[in-house]
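Novice: Chains as they are written, first to last, in my numbering: chain A, 60 to 479; chain B, 60 to 479.
You can trust all of the hints, since none of them are fake.
If chains are identical, the list can't say which one is meant, so a pair holds when it fits in one copy or spans any two.
With a Cα cut of at most 20 Å, we get these calculated EDC-like pairs of lysine to aspartate or glutamate:
| hint | residue 1 | residue 2 |
| --- | --- | --- |
| 1 | Lys403 | Asp237 |
| 2 | Lys365 | Glu264 |
| 3 | Lys385 | Asp256 |
| 4 | Lys194 | Glu279 |
| 5 | Lys350 | Glu264 |
| 6 | Lys362 | Glu114 |
| 7 | Lys358 | Asp370 |
| 8 | Lys350 | Asp339 |
| 9 | Lys362 | Asp378 |
| 10 | Lys397 | Asp329 |
| 11 | Lys362 | Glu268 |
| 12 | Lys450 | Glu209 |
| 13 | Lys162 | Asp180 |
Because the hints were derived from the structure by calculation, they are not lab data.
From a predicted model like this one, the values you see are computed outputs, not experimental measurements.
Number of protein chains: 2
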Amino acid sequence: MAGLTGDVDSSAPVGVCEIMKAMVLGIGAVGSVTAGILANSNEYDKVVLADIDFEKAKKAEKKISNDKVTAKKVDASDVDGMVLAFEGIDLVMNGVIPRFNYKIMDACVQAKANYADMAWDVALDDTPAGEVIQKPPVWHSLKKDAAFKEAGLAGMIGLGCDPGLSNIFARMAADRMDKVKEILVRDGDNGYVEGYDFAPLWSPETLIEEVLMPATYYAEGAYRKLPPFSGKEKFSFPDPVGDLNIYNVDHEEQETLPTFIGEVLGKGCDYCDFKIALGDEYVDAIKMLGKLGLDSPEKINVKGVKVAPRDVVAAVLPDPSTIGDKAKGDCAIGSAVKGEKDGKDVGYFIWTQLNHEDTYKRYGHSATAYSVGVPLAIAGILFAQGKITQKGVFPPEMLDPEPFVEMLPKFGMNCFEKKL
Amino acid sequence: MAGLTGDVDSSAPVGVCEIMKAMVLGIGAVGSVTAGILANSNEYDKVVLADIDFEKAKKAEKKISNDKVTAKKVDASDVDGMVLAFEGIDLVMNGVIPRFNYKIMDACVQAKANYADMAWDVALDDTPAGEVIQKPPVWHSLKKDAAFKEAGLAGMIGLGCDPGLSNIFARMAADRMDKVKEILVRDGDNGYVEGYDFAPLWSPETLIEEVLMPATYYAEGAYRKLPPFSGKEKFSFPDPVGDLNIYNVDHEEQETLPTFIGEVLGKGCDYCDFKIALGDEYVDAIKMLGKLGLDSPEKINVKGVKVAPRDVVAAVLPDPSTIGDKAKGDCAIGSAVKGEKDGKDVGYFIWTQLNHEDTYKRYGHSATAYSVGVPLAIAGILFAQGKITQKGVFPPEMLDPEPFVEMLPKFGMNCFEKKL
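Produce the complete structure using the sequences and hints provided.
Specialist: In structure tokens form, the structure reads like this:
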């Protein structure tokens, strides 16, 4: 096991233009992290904090308290409005919920702004369990590749922690192999919040949705679906995370790694899946919510008011943005890649890990938001430094992993690895 | 085991006045059953179907289609309005939710109308588990005893199936003993609804509330509270109900039987509890709802609308009034009483049982509603026949069990017993 602790000198920006301007669109938990880093970087001269809730953007502006930042009201559902708002912006960093990605991407193409996001809507596919997926949801982003290329723009998708770092770790391992056999992405968190029986540290709506959907995996040359809660097994995450039960869950990584590492980079990939650790109490609760129909995002009539049951579940749970300071425990996210090098079987598990309490104390953000916002910010910095030169729409495994991983320690993040 | 199949001749009513007028207030699932029976009895000349929802009352009027019935809009929260509406009514049968009982009772006293209900609000006490209850919720009804006596009126409380028949069965057993040691009320139902994973046959709000509250029991001379889900054990209900897991649950019977059979009737009672059968999936679901806070009746803000989580749970579940025709299986409700007779230990389990499918086919009501509405109607008939002469407020164990039980078969219900 070796920690990569190298640092980079980012004092001499090599911008793609003289004055670098970024917009962080959506100043939620993740957007705040990214905006804070960019505003304190040497690479950006202006950082626009954009949100549909102008007061929220103003609050973030005050908190960052830096003459590079300005708040702006931007509606991510209004393409024409965004085209105007993006004028003169070099890079739009999308921090809103994935539903708006495609409109934001369209506006970027029209406004000639580069683009980065940290997730996409994996729920856009409804292939039932047991069947082959015709077009994984990432296709909605990838089909804009030609337009981005034509406009000479980069469209960086899925650049958070997972997806994001997990893809980059898979690429690091693949780079050391002649042939890749399997890529297993693993996300484990033993975090808990004192005083709460049940307190997800990530959006409860997303957790419920992701976990109850059939899960994408890749095998026998095709993207396929497994039933929810498939593939339960114990996985030994690095200390202090430890042994946790993991399950197949729908996520972004397994929609791109087999195609991009396997075909585009030509390494091959026989199998790929994503599994996340879920405590027994979460599994029981989410199964029950699904059974009762309380997971539904469709509004129903309840004594004269219209409300979506899933929103009610989210409303009774503590708001993840308010409990980051109370979370304890550790999380680890990594990719276990097996393949061949010089005719021999080789394998690596490459991961990052964070302590919840420590992260909050040091950075004032939850580890969950921080670990997503940092890679997005690093992408922004590398882009401004001219180290990301690709055009078109591409996932994180298409980036050069080295400068990316080298910059993690600057923001208190790390990259570990062990042989498998 | 012996079925009491005697019938009664109710063709010659011995009314307490020349023209007998009943009002059924609240034409829900139970009220409809009671109203239908009274309207087709020889004992009543007029039956007023009263509901805050006049259309609902009109619909029931059309369905019963009998010149004795008339629909009326009555608001159970408006005492003055009820006093006017109750004028000339001999007996008000309360079919609304228990929250309104005390206002209805007050209006009855003012309007000189006799009163009967089928439940009271056991949630009115918040004694924590492990402690002695100072005043069980039934006190809210019993404290009106003097006013009812002074007005020369009967106030019959808890006269459904359980409470109601269960209290009467306990009294039947107690009547055969010199001394009562314990009274155990047992409610078992193996019913299910095809096509639903989770479909309570009784109000989901009530089920959730009753089961998550500390449960009243009586021991060592005092009414006490146990934690929710206490006392799990397997109980052998009569065939075809069979073995089911039962739990202590808050209910009405154990609030009155020790006092009325034990002290008022002088039989003594060392121990009394109520246990209901709960399927593992109900226990898991209800525990989870409680853990998540989805059992709360308090309104919360959900994306701009105010809604009580418990109402949302009820709204996602099938409406019990719409699934009565789909229910299969059987239910049994009885009292197991142990004591002494002539110096020897004796014990009886006396119960009633119904088949869901058969009850719906024969009567067009769910077994759950039917088994509650029939005893309430029998109380009305016996009252009109002059067979209930007590004044004041009293629970079902203060009625003479014999005429009551004899009338059950007339309405397709039964009473079985076995020695313990």
